[in-house]
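Chains A and B, in that order, give the protein sequences.
FYI, in this note's numbering the residues of the first sequence are 617 to 912.
FYI, in this note's numbering the residues of the second sequence are 617 to 912.
Keep in mind that the hints are not guaranteed to be accurate.
When chains are identical, the list treats them as one kind, so a pair holds in a single copy or across two.
Below, a list of computed lysine-lysine pairs in the DSSO-like style, where the Cα atoms sit at most 30 Å apart [to be verified]: (1) K883 to K843; (2) K883 to K750; (3) K883 to K860; (4) K883 to K814; (5) K860 to K657.
These aren't lab readings, by the way, just hints derived from the structure by calculation.
There are 2 protein chains.
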Amino acid sequence: MLGGTIRAVGFIGLGIMGGNMAGHIQQAGYALHVHNRTRAKAEPLIARGAVWHDTVADLVAACDAVITIVGYPVDVRQVYLGETGLIANARPGTLLIDMTTSNPSLARLIADSARLRGVASLDAPVSGGEAGAKDARLAIMVGGAAEEVARAMPLFEAMGRTIRHLGPAGAGQHAKAANQILVAAMLMGIAESVAYVKRSGLEPAAVLEVLGAGSAASPLLSVQAPKMIAGDYAAGSHVHHFLKDMGIAIEEAAAMGLDLPALDLSKSRFEELTALGYGTDGTQALSRLYEDDLGS
Amino acid sequence: MLGGTIRAVGFIGLGIMGGNMAGHIQQAGYALHVHNRTRAKAEPLIARGAVWHDTVADLVAACDAVITIVGYPVDVRQVYLGETGLIANARPGTLLIDMTTSNPSLARLIADSARLRGVASLDAPVSGGEAGAKDARLAIMVGGAAEEVARAMPLFEAMGRTIRHLGPAGAGQHAKAANQILVAAMLMGIAESVAYVKRSGLEPAAVLEVLGAGSAASPLLSVQAPKMIAGDYAAGSHVHHFLKDMGIAIEEAAAMGLDLPALDLSKSRFEELTALGYGTDGTQALSRLYEDDLGS
Chain A
617 MLGGTIRAVG FIGLGIMGGN MAGHIQQAGY ALHVHNRTRA KAEPLIARGA
667 VWHDTVADLV AACDAVITIV GYPVDVRQVY LGETGLIANA RPGTLLIDMT
717 TSNPSLARLI ADSARLRGVA SLDAPVSGGE AGAKDARLAI MVGGAAEEVA
767 RAMPLFEAMG RTIRHLGPAG AGQHAKAANQ ILVAAMLMGI AESVAYVKRS
817 GLEPAAVLEV LGAGSAASPL LSVQAPKMIA GDYAAGSHVH HFLKDMGIAI
867 EEAAAMGLDL PALDLSKSRF EELTALGYGT DGTQALSRLY EDDLGS
Chain B
617 MLGGTIRAVG FIGLGIMGGN MAGHIQQAGY ALHVHNRTRA KAEPLIARGA
667 VWHDTVADLV AACDAVITIV GYPVDVRQVY LGETGLIANA RPGTLLIDMT
717 TSNPSLARLI ADSARLRGVA SLDAPVSGGE AGAKDARLAI MVGGAAEEVA
767 RAMPLFEAMG RTIRHLGPAG AGQHAKAANQ ILVAAMLMGI AESVAYVKRS
817 GLEPAAVLEV LGAGSAASPL LSVQAPKMIA GDYAAGSHVH HFLKDMGIAI
867 EEAAAMGLDL PALDLSKSRF EELTALGYGT DGTQALSRLY EDDLGS
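Next up, chain A with everything else stripped away, as it sits in the complex (with noise of 0.2 Å):
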């Protein structure tokens, strides 16, 4: 273990998962430590005392560890690596926590170029979405070193319930690019089966509550059924961020050899999506290509 207690605790990245998730490290006592593109989401965390930095390198100087969930890989890049990023200006011992959904390949990068500083880092991306986020009771699947997700797990257990460590650097990110594959091709399927439902006339929330009590059941379709059958499309998960998501899966899943023509398929589905100008939506937003009027 390279590091002491952790007291402060800095958040990069205040969405709508991170948001969430920095509220509760600050509910369970830490001092929290806040850095967001867009200082207005922070707002709300600073009123109960967060303290804000404008600067990545402020804010890591003055934690014991420090939690990122931002958009894209190149965001991961840009807030860990470089003269400004967290590693270089990061006190040895402290501990870097992404939470971003990324390539396993950068993790394995980032726990290299950090070992090499006297620096800590883990990657933890997160499953169970916003509602997962809010109630503090996410999947998280961890990639490092044994003694470091041991450190970090109070930090975990503030902000999620399954909690699992599942190898060295990079594991995280592998164990949400599998999840991520499984989410792709059920969200094919509700949206196909969704759009059966509509055409065939019955009435799709009672045929939901019946596919909802048997082997098909899930959160995802508890979740985006309803909104599809309704037709509200309004993020929760975006489109292009679960387009970044796939792309990941399908270059790591190249790089091993591994053809996957269900998530090829999805892939291509999202991207007939954004093409007809739907990126900013939800993902449940899949159904509007099942639509008569795509343009409805």
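Since the structure of chain A is provided, determine the placement of chain B on it from the hints.
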């Protein structure tokens, strides 16, 4: 309502599902009458007092209600229609309940034919698999007239837990098609996710535990992923039966002008599996297509 109190119940089709379901009918105190292509499968029920009939016509003549769960729509047609079938040989008021996964259009044809002879019929396919059949917690999707559904309810309650009347004749089959559309995509997602986890070198059981705690958790994942990981491809739910289910859904969707590309892909993947000689495996054998050596 056409008939009176149900005391004698016939059961035709004593496979993995039907055998368990008929046992629950017997345990609920009904006088059970049985017929099956292979008599051996009826022996455990006969040993507990069920009456064997050599023909469908003999069976239905002795019963107030008859439940069928056979293999294919062609079997349903043979059991119900024609001179030797259920409808021609039923007493007026007899209630016929088909729980096979079959065509909505065939369910409507049976309902019309039955009505002409003063016989009642329902389509009531199920979800929940072998475990659901064994534990009497099936989801049951019912199509037909409300008064006949009410009359059948004690029978359904002996076999299932979530029972929904979804509309007129054919509505149960439509709902089951919607269920299988969802399952078809989920099986691809589970197989691809498991394949990815295996290749990435993670401990599959640990990853499965965390996936099973997130948005993508489902009974199907809990049952099928461990079998895929273990290489246990014994049926369960047969590949060739599932291909039949997908064929019905594709045909019905096409008739409604609905294109379902994920379902099409799943069907073609299972056809690949059948072409390789695995048609009598369980549906979890889909993961064979992602193995390095397909022949293993």
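Here is what the structure says about each hint:
no., hint, verdict
1, K883 to K843, "both (21 Å within a copy, 27 Å between copies)"
2, K883 to K750, "within (28 Å within a copy, 39 Å between copies)"
3, K883 to K860, "both (9 Å within a copy, 27 Å between copies)"
4, K883 to K814, "both (24 Å within a copy, 22 Å between copies)"
5, K860 to K657, "within (23 Å within a copy, 52 Å between copies)"
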